[in-house]
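Novice: Below, each chain spelled out in residue letters.
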Amino acid sequence: MSTSTTAATTVRPLPALRPNRRLKVPKQAERTLRNGLTVIAVRRSAVPLVELRLWMPFGRAHLARGAMLAQTMLAGTQAHSATEIAAELQKVGGGLTAGLDPDRLMLSGAGLVTGLDRMLELLAEVLTGANYPADWVETERDRLVDRIQVAQSQPSHLARTALLKRMYGRHPYAVQTPDPDQVRAVRPAALRRLHAERVHPAGAVLVVVGDVQPERALDAAEQALAGWRGDGHVAELPPAPPLEPGPLLLVDRPGSVQSSLRLALPAVPRTHPDHAALQLANLIFGGYFSSRWVENIREDKGYTYGPHSLVEHSVAGSVLIAGAEVATEVTAAALVETSYELGRLATVPPKADELEQARQYALGTLQLGMSTQAGLASLTSAYAGSGLRLDFLAEHAARLAAATVDDVAEVAARYLAPARAITVVLGDAERVADSLATLTPVRTESA
Amino acid sequence: MPTRRAKIPATKYPVERLTLDNGLRVVLTPDRSAPVIGVAVVYDVGIRSEPEGRTGFAHLFEHLMFQGSENLEKLAHFRHVQGAGGTFNGSTHLDYTDYFETLPANALERALFLEADRMRGPRLTEENLRNQVDVVKEEIRVNVLNRPYGGFPWLTLPPVMFDTFPNAHDGYGSFVDLESATVADAADFFRRYYASGNAVLAVSGDIDVAEATTLIERHFGDVPARPAPERPDFAEPDLTTERRSTYTDALAPLPAVAGAWRVPDPISDFAGYLPYVVLAEVLTDGDASRLVERLVQRDRSVTSLGGYVGFMGDPFDVRDPTALLLQAHLPPGGDVDKVLRTIDEELDRLATDGLTEGELARTQARMATHLLRDTDAVLGRALRMAVLEQQRGEPGLLNELPRLVGAVTEDQVRAAAATLRPERRASVEVVAGGAR
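In order, the protein sequences belong to chains Z and H. The first sequence: position 348 = 348 (full-length UniProt numbering), numbered continuously. The second sequence: position 11 = 11 (full-length UniProt numbering), numbered continuously.
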């Protein structure tokens, strides 16, 4: 046995793939309760567990109060303290967490399937009776402030913050992390008010996935949650503004040993006719490991560890974000290669085999994403947030299968041209500003 | 109201084992519930096997295993996996290195071909080596050097707790060691550790056992036989006096601390080890757990808290010596000594007064959920079974873990808590250097 250090000739052929299995959407059922809550139940019986996702529209909420509401929603009710709620959930192998983004408030959890009824009961208790006890709110306020402070020392967070601000201007999406002083000002009464105003079943979607009979799970959800009332305030988000390219924004973080490179490019919602082709164009550019960008700046040049690009969907709009952490000394060089790869894809059609590879990846990862309870629950919930159901998967798969080289070239020209990008670089300005300025106009601010 | 004990459920994943003539051990676990498969190859070599002067080498070598192989050019591996609709990765642990992919089931033979090809021989070229040294340096910058709490505590606690090079050194490696690595080092490392006899292949998901066996024979059968190297004994004596260490993290805005105590041998004394795995969860799993209730809510002396066995967080993939770790982040000006003293106090209280009604049962129910959830993904199943086969010759243990965790008794948890004495503890404190 010798380790080959010279180019070997292929003596063993790569085995062909067997035919693709058809995408099979699992058994599901749906019901809208009289209080306006939509419940979707999906069966996947592989493990004796169940996953819950409750999606509540929460756009335009006060940032600090919204964040504190998510942080303290499970902190107590008339009947149970926070510790008791956690212990009751634990008894059935369960847990719940609350999270917030600019579109929605989400309660998610998982537990033993034998505990489904109990988890739903506790969920209902929190939704109808969370009482935001003062001592708990105080503790959680300090914790949230500390967490924000830690986040603000992370380059990825700072780069994201700067990019959002640059992209969205005055839109509510522009700032997604509250200021510590705003958090310190939040009182329990404000949380109770926000809860009464915004935590209601109208427009909310509960997803239940697991070792359940879907109709039986709907019954259980109806039994537990029919008493949840309220259809108060709904806040519509204005559409996100179009991206406005301009000078590169350099955010100074003195002493950084890497630069965080971020680009935002236009994209379209899941239902748009261009979406499937744009998803494929994104994969070819930088959306998976076998993409041009990764092969260039990682595998050829060693500038970075994990470059990645992704189409992000929000209620008010979609956007393509590309990000890489690159060594300080190659910051400008990495940007050159990034613009080159975007420009090349926007002006020269991809090769047929490149498209085929991206297509197989997109179709395969749909299968993989559906193959676990947690994956199905997250997918179902994300789709429901865009007004879609799981059967959209089949439609989307058909569009991915049908997209041609010309389709992909056309969307790449429309969306991926480097001139359309908003570019933000976070790093040590003293070391990178001059070389960046030789490429493009630069505006510098401090982190 | 009497506490009703949730019945701990189990899985019944079928397990087929075989060994090829070249010594490669194989585990198959079919499951037709979704048209996907997981493929894992685990080599019995990890950070602890690195020679002195070659810190970070096991991980660097993991990168080199993706850089082309006997019949494949650089980049081909990635393209063939993803072009079949799959995803892939590899990871380096203290006691093993794994390579894995999860794909639609129609790509089974392709995945086997790819893994067999690099088991026969990766393309170890100077160009690929230099390129991947650069990539690894960026990985270290992004995960350790350019962010607060980088490497805390998995890189910063072992050198406090252990004295020997295998257990104490930096597994990500120093830039000096990485830069001086040679192709000859890599070839030697491959010959020594990446032997068919030192590896386990596991395939899970939508497979037919007979067909999969034929394909495995076809692709791996002629990988040249090489025996597993003798695994050295990494044992070190337990601590008898407390060890403390402190360092300033220039980027960290707030203080943090981690403490650890040695635990029984996970392999040879599994029954003695399991209570510690449960104890870590009793102490730290969620708002109803002991230390969260005390330190976060009552005392407000920490803002977040975690506890687990094994430096990388998975208690069922480590060999001796290993530890139970607790780690906490503190508010501004927080008092690390006080936090450690309170932990000692709570451990004493647990050892003396025992658990509260239902405390153990609910913790075990939650642990069962975590175990079952991880195995719902075919890849999670393949990886765990591969490691259980390699370290214990017992891949079917995966089906038993929820029940075994559920069988740990209150007396065992109390006894485990009683051993976590300050004089056996190693701890590391992060001093915030990044406050603004």
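By construction, these hints were calculated from the structure, which means they are not laboratory data. It cannot be assumed that every hint is accurate.
Listed next, with one range per pair, are the computed distances between beta-carbon atoms [what the hints assert, rightly or not]:
#, chain 1, residue 1, chain 2, residue 2, range
1, H, G53, Z, P133, 54 to 60 Å
2, Z, F392, H, P51, 52 to 58 Å
3, Z, S435, H, H370, 30 to 36 Å
We put the beta carbon where it would ideally sit given N, CA and C, even for glycine.
Novice: With reference to the structure, classify each hint as holding or not holding.
Specialist: The hints, checked one at a time:
For G53 (chain H) and P133 (chain Z), the Cβ-Cβ distance of about 57 Å falls inside the hinted range of 54 to 60 Å, so the restraint holds. Taken as a hint, the range 52 to 58 Å holds for the pair F392 (chain Z) and P51 (chain H), whose Cβ atoms sit roughly 54 Å apart. For S435 (chain Z) and H370 (chain H), the Cβ-Cβ distance of about 48 Å falls outside the hinted range of 30 to 36 Å, so the restraint is violated.
The structure fails hint 3 only (numbered hints given earlier).
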